[in-house]
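These protein sequences, in sequence, are chains E and W.
The first sequence lines up with residues 1 to 276 when you count with UniProt numbering.
The second sequence lines up with residues 1 to 276 when you count with UniProt numbering.
Think of the hints as simulated: they come from the structure by calculation, not from any bench.
It does not matter which identical chain is meant; a pair holds if it fits inside one copy or across any two.
Below, simulated DSSO-like cross-link-like pairs (lysine-lysine); rule was C-alpha separation at most 27 Å, straight line:
#1 Lys-121 x Lys-102
#2 Lys-208 x Lys-254
#3 Lys-111 x Lys-210
#4 Lys-121 x Lys-111
#5 Lys-92 x Lys-121
#6 Lys-253 x Lys-140
#7 Lys-258 x Lys-208
#8 Lys-210 x Lys-253
#9 Lys-208 x Lys-253
#10 Lys-111 x Lys-145
#11 Lys-111 x Lys-266
#12 Lys-90 x Lys-102
#13 Lys-90 x Lys-111
#14 Lys-92 x Lys-102
#15 Lys-208 x Lys-145
#16 Lys-266 x Lys-90
Protein chains: 2
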Amino acid sequence: MLKAVQILGWSTAGLTIISQRLTKTRNSTSSTVSFLSTSTNPRKLSTFSSSPRKTLRFNPTRMSSSLPGSDPVPKSPTFVSVQSAGDVRKIKFCQWCGGPTKHEIPDGEEKLRAICTHCDKIAYQNPKMVVGCLIEHEGKVLLCKRNIQPSHGLWTLPAGYLEVGESAAEGAMRETWEEAGATVEVVSPFAQLDIPLIGQTYVIFLAKLKNLDFAPGPESLECRLFALDEIPFDSLAFSSIYVTLNLYLEDLKKGKIKFHYGTINKSFFCFSQAWK
Amino acid sequence: MLKAVQILGWSTAGLTIISQRLTKTRNSTSSTVSFLSTSTNPRKLSTFSSSPRKTLRFNPTRMSSSLPGSDPVPKSPTFVSVQSAGDVRKIKFCQWCGGPTKHEIPDGEEKLRAICTHCDKIAYQNPKMVVGCLIEHEGKVLLCKRNIQPSHGLWTLPAGYLEVGESAAEGAMRETWEEAGATVEVVSPFAQLDIPLIGQTYVIFLAKLKNLDFAPGPESLECRLFALDEIPFDSLAFSSIYVTLNLYLEDLKKGKIKFHYGTINKSFFCFSQAWK
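With these hints in hand, go ahead and build the complete structure from the sequences.
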């Protein structure tokens, strides 16, 4: 269950429309949908503010507002996570020497780490980048119906984990090829959406088809071009996809595609299966 | 040694100035500095092009040009990597069950993975995000002289690995606090620079000081505000910082700060110690 989505970022109108859609399409009873909207002129903004070490947290009461009518227990399983952030305590052995680990905060650090009791190496865990394409074709966008969990049967943009050795744009094109069999040209970066709770950052590129030869890969049940007013907002696989598509629609309305940066803060969540 | 830096991305003029600076400041004999420049209007561009699986590589001969006078064996150790991309063969044990790993390409995949011979789990390796701040203050920028390897004694923007549980902007502010003792406000995203060879993506934010109370943390020897014409381009720690600062200077010249996305392709490299 997604309790709260907080968007902190750049693109006022886009965030407004997301708010409207969230309250319209979700039928829950106490979740909050919070936004921080800023001007799109970066030279005049101070969106984020820092605080001293150990208290480096944004203050949501200052930066967001609850929406009347928003709700906490969605019946729809629209928003789910691909993968939860790694639990450091599950790292029980050193991957380099095989020694057992201990879980401590190293000197000079502040986070719990898995440290090898034999070779003293630390197994750091870092967020992963999910890269994907928002593919435009004659006023339509390409979506894939997932053939894998989580969110089996729900719609998504072609996207997946970035690999070592490829750029984000290359990774986004590879995922598009793997999931939709589509050959695309990347047009521009479109959005970076951080999801700190699950240790993921979505990097989405605008792209266009080089031809109409696309077909679902093994991880997709179906691939389809959707007219903008037919996008299945009630059946999207992930909150990041929902946010991305709404930002895109809002940009189109305003006649200008921009780059968006934001954070999706989920108070808690669960997988889609729980709501089916 | 940095043999080739290839920038693929958005911001024509910025890339031009980088080319000039690289040839001016480095004294090598055969390295190439290659750029792909594109208009800053994302709606009219097709910078990247994809190709079928197994050949998803950009064609550098099509997308770049060698610069006469550029050189291959730099005397200056300016450009070094923070950390090379993980070698999957070094993963010899499963971090979850302690079982020995085998190194194979799993069914349906194309990359060599470390697979546990006991529990069958795959230890995926993914690129890491390095987040940092480009801090402006009254026409100057804040740089830190590194007190750690690699690039000890060279100048950098405050930056470091993003942690699970924080957004990129939060991570950038944390690193700024840790390395420069500075409290900042993030103004806007400024650049994403992928470095596929070493599995890193730099995400740099424009930021401003909330006050003048800054001082080097344990990882810095010194922190200083540099006037734009005093930036020590010959003593910068990393190619990503060099590119970022040049993009910034070029934006200032044009009177408009933009978001930049690009890829830094290094043919090969080594650590700074080799050149001292």
